[in-house]
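Enquirer: Given next are the chains, with one letter for each unit.
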Amino acid sequence: MVILRAGLCPGLTAEMIQLLKANGIATVVDLVSSDLEEVARKCSLSYKALVAVRRVLLAQFSAFPVNGADLYEELKSSTAILSTGSRSLDRLLDSGLYTGEVTELTGAPGSGKTQVCLSIAVSTSHDLKQNVLYVDSTGGFTASRLLQLAQTRTGDEEEQVEALQKIQVARVFDVYKMLDVLQELRCSVSQQVLSSSGPVKVLVVDSVSAVICPLLGGRQAEGLALMMQLARELKTLARELSMAVVVTNHVTRDGSSGHLKPALGRSWSFVPSTRVLLESREGTWGKASTRRIASLTKSSRQPTGIEVELDIGSCGVLEESPAASGEGR
Amino acid sequence: MQRDVGSFPLAPGLRAKLIGAGFQTAQELLEIGPCELSKEIGISKEDALETLQIVRRECNSNATKTAGDPEAVGKCTALELLAQEQAQGFIITFCSALDDILGGGVQLTKITEICGAPGVGKTQLCMQLAVDVQIPECFGGLAGEAVFIDTEGSFMVDRVVDIATACVQHCQLIAETHQEEDFQKSLETFSLESILSHIYYFRCHDYTELLAQVYLLPDFLSEHSKVRLVIVDGIAFPFRHDFEDLSLRTRLLNGLAQQLISIANAHKLAVVLTNQMTTRIGQSQSMLVPALGESWGHAATIRLIFHWDNKQRLATLYKSPSQKESTVPFHITPHGFRDVHPPPPSQTPAEVEINPRKRPRIEGDKQQ
Numbered sequence: 129m130v131i132l133r134a135g136l137c138p139g140l141t142a143e144m145i146q147l148l149k150a151n152g153i154a155t156v157v158d159l160v161s162s163d164l165e166e167v168a169r170k171c172s173l174s175y176k177a178l179v180a181v182r183r184v185l186l187a188q189f190s191a192f193p194v195n196g197a198d199l200y201e202e203l204k205s206s207t208a209i210l211s212t213g214s215r216s217l218d219r220l221l222d223s224g225l226y227t228g229e230v231t232e233l234t235g236a237p238g239s240g241k242t243q244v245c246l247s248i249a250v251s252t253s254h255d256l257k258q259n260v261l262y263v264d265s266t267g268g269f270t271a272s273r274l275l276q277l278a279q280t281r282t283g284d285e286e287e288q289v290e291a292l293q294k295i296q297v298a299r300v301f302d303v304y305k306m307l308d309v310l311q312e313l314r315c316s317v318s319q320q321v322l323s324s325s326g327p328v329k330v331l332v333v334d335s336v337s338a339v340i341c342p343l344l345g346g347r348q349a350e351g352l353a354l355m356m357q358l359a360r361e362l363k364t365l366a367r368e369l370s371m372a373v374v375v376t377n378h379v380t381r382d383g384s385s386g387h388l389k390p391a392l393g394r395s396w397s398f399v400p401s402t403r404v405l406l407e408s409r410e411g412t413w414g415k416a417s418t419r420r421i422a423s424l425t426k427s428s429r430q431p432t433g434i435e436v437e438l439d440i441g442s443c444g445v446l447e448e449s450p451a452a453s454g455e456g457r
Numbered sequence: 121m122q123r124d125v126g127s128f129p130l131a132p133g134l135r136a137k138l139i140g141a142g143f144q145t146a147q148e149l150l151e152i153g154p155c156e157l158s159k160e161i162g163i164s165k166e167d168a169l170e171t172l173q174i175v176r177r178e179c180n181s182n183a184t185k186t187a188g189d190p191e192a193v194g195k196c197t198a199l200e201l202l203a204q205e206q207a208q209g210f211i212i213t214f215c216s217a218l219d220d221i222l223g224g225g226v227q228l229t230k231i232t233e234i235c236g237a238p239g240v241g242k243t244q245l246c247m248q249l250a251v252d253v254q255i256p257e258c259f260g261g262l263a264g265e266a267v268f269i270d271t272e273g274s275f276m277v278d279r280v281v282d283i284a285t286a287c288v289q290h291c292q293l294i295a296e297t298h299q300e301e302d303f304q305k306s307l308e309t310f311s312l313e314s315i316l317s318h319i320y321y322f323r324c325h326d327y328t329e330l331l332a333q334v335y336l337l338p339d340f341l342s343e344h345s346k347v348r349l350v351i352v353d354g355i356a357f358p359f360r361h362d363f364e365d366l367s368l369r370t371r372l373l374n375g376l377a378q379q380l381i382s383i384a385n386a387h388k389l390a391v392v393l394t395n396q397m398t399t400r401i402g403q404s405q406s407m408l409v410p411a412l413g414e415s416w417g418h419a420a421t422i423r424l425i426f427h428w429d430n431k432q433r434l435a436t437l438y439k440s441p442s443q444k445e446s447t448v449p450f451h452i453t454p455h456g457f458r459d460v461h462p463p464p465p466s467q468t469p470a471e472v473e474i475n476p477r478k479r480p481r482i483e484g485d486k487q488q
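Protein sequence lines correspond, in order, to chains A and B.
Residue numbering for the first sequence follows this note's numbering, starting at 129 and increasing by one per position.
Residue numbering for the second sequence follows this note's numbering, starting at 121 and increasing by one per position.
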């Protein structure tokens, strides 16, 4: 729905636009989808000129089809798989986080979503030496915990400092500021303003539902529109800038069945390609435990229902020995 | 600027008109003037001018940001945040076991939620924290002020007088043993009258007043910049009765939580909320869970649950980004919130000088 402006393409002059507007054709879509003979008659414009303009506009604004083989080659060369630092979590995610996709973590409060996010951030910045942008909207980001996780991976202070420097943190608490941060990231990469250490490879948004939930519900459709805007930003960042995007989501209780289900409803459920649910083993809160169960609830590559056990204790999301980093093509 | 028109904070009707007329990116909006815009869309000239101002302001702030000024939206590296966190203090609770499991005390820039059955000690802890935040810096406190928003009417001034007197006595004992200049000087300003005058008390009778109070809080805080603690005693009470539409309640609570965390972050203060408990009836058993539903559980960064075990009060840390889950016992004495067992013997003055942030402990003052 781009409006017609003089100079949009050669042959589209200001008088032409005035005549078209007078007859109700204001956007590119209107012009391209209307019957050109009738338009030429009504606006007293030359039919040939209109056909030429339409051809140029179609070339400019329509998408090009790509065949499957080319697409496969392109994906093979541009997708990277980033290990999360934990062997069991990598197994769940089919060897790690894929760039170009959005991965979602959901769970009840206290189930460990922020811990897994922090652990992914540290493992990316230390093991894989890539930049991370952490967008925090709940206030759950604690730098001292990040330092603890870095200290379990290396005893060298310089490496710890370097790892922490590769993690950029943005604290935003409402949806407009979050859109602001994501837009700015896209602009800074597309204008090729390189930061001191290189492009961002992993984007962690903790959490998406904290900024969207106050807007959903009721009779207004604004909330859904903003949620879809946010979804589009995240997917664009993932696909066009080849980043791996990790988001966290809350859970709500299903009214009819009493089970826990991810928040934000059905419209959001189509946005992430992979969904992981985190739960703790115990039902009561009397016993303290750092063991969590992660189960795969949606995936385009693996069968759902796979479960692995994670330990979010003092070693972060690791087993007894640190995991070897996965492939990064 | 390639920003989408939909991502600006405009009124919904205005946004619909803009998109209907074919405007997609901010670039197109920036190119036309307010008169043309009002003619194209059919809105008044003032609305058109306002819209263009909003768009220009957002785009200009973006431009200065990309020019290398990341403070505008608050982006910084984890290393800088670590330095900030380490320089921040905590608000102690006078119960050393609870301080330990919290990692030093109630943290600034985070929301801490205290849930518990009636009578277990939530309001007592809130009153204790309102006094503790005012402890001068040489004794290991923050020398800040407190805002107490009361929705249940459970704030008793006589009790705060008792707690404050005990706290002042404790500090006087420390000053006497260590005999230093600044200890004596700060004691002159730390008296019962000054403590009571630095607790700002607001009483809200229903949820509209509570929402309005939180909405007006940033203005109040910019006038009183020494406030380091905001307590909302009884966030559950106004939302639990009198609400037919539960989805509206969830929306309002989530919006409230986001406002509180952004206040906590912007003014570097701690927010403490108290919540009630409700019974969830499962298949075979019923459990006590915090009230206000599942979605509220995500609002607080740190969650403490107080409960009884026969005659002993226990505090469990249920949710925290940096500490493990654990349970400790505590007592409520005539002097306020205290440990169950006496704390370890007091440190020598040399140790205190090395680490001035650590609160020195005195044996004889605590009565169990």
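None of these hints come from the bench; they were simulated from the model.
If you're wondering where the values come from, they're calculated on a predicted model, not measured in any experiment.
A few of these clues could be false.
[Claimed, not checked] Counterexamples of contact, computed for chain A against chain B with all Cβ distances above 10 Å: (1) Arg169; (2) Arg273; (3) Glu287; (4) Ser337.
[Unchecked claim] The calculated lysine to any residue pairs, modelled on SDA-like cross-linking and capped at a C-alpha distance of 20 Å, are: (5) Lys159(B) x Cys179(B); (6) Lys137(B) x Leu352(A); (7) Lys305(A) x Lys137(B); (8) Lys444(B) x Ser408(A); (9) Lys444(B) x Gly238(A); (10) Lys176(A) x Val194(A); (11) Lys165(B) x Ile152(B); (12) Lys305(A) x Gln379(B).
Note that CB positions come from ideal geometry on N, CA and C, so glycine has one too.
Enquirer: Does each hint fit the structure? Answer for all of them.
Expert: Taking the hints in turn, this is what the structure says about them:
1. With 10 Å as the threshold on Cβ separation, the claim that Arg169(A) sits away from chain B holds: the shortest Cβ distance comes to roughly 24 Å.
2. Its closest Cβ contact with chain B, about 4 Å, brings Arg273(A) to no more than 10 Å, contrary to its assignment away from the interface.
3. Non-interface status of Glu287(A) relative to chain B is upheld: no Cβ of that chain comes within 10 Å, the nearest being about 13 Å off.
4. Not every CB of chain B lies more than 10 Å from the CB of Ser337(A), the least distance being 7 Å, so the non-interface label is violated.
5. Taken as a hint, the Lys159(B) and Cys179(B) pair is broken in the structure, with Cα atoms around 23 Å apart against an allowance of 20 Å.
6. Between Lys137(B) and Leu352(A) the CA atoms are separated by roughly 18 Å; this keeps the pair inside 20 Å, and the hint holds.
7. Under the criterion of a C-alpha separation no larger than 20 Å, the hint pairing Lys305(A) with Lys137(B) is inconsistent with the structure, at around 23 Å.
8. Proximity of Lys444(B) to Ser408(A) is assessed by CA-CA distance (about 14 Å); at most 20 Å being required, the pair is judged to hold.
9. For the hint linking Lys444(B) to Gly238(A), the alpha-carbon distance of about 10 Å falls within 20 Å, and the restraint holds.
10. Only pairs whose Cα atoms come within 20 Å are accepted, and Lys176(A) paired with Val194(A) is rejected, the gap being roughly 30 Å.
11. Of the pairs offered as hints, the one joining Lys165(B) and Ile152(B) holds, with about 13 Å between alpha carbons and a cut-off of 20 Å not exceeded.
12. For the given pair, Lys305(A) sits about 13 Å from Gln379(B) by alpha-carbon distance, which is consistent with the 20 Å threshold.
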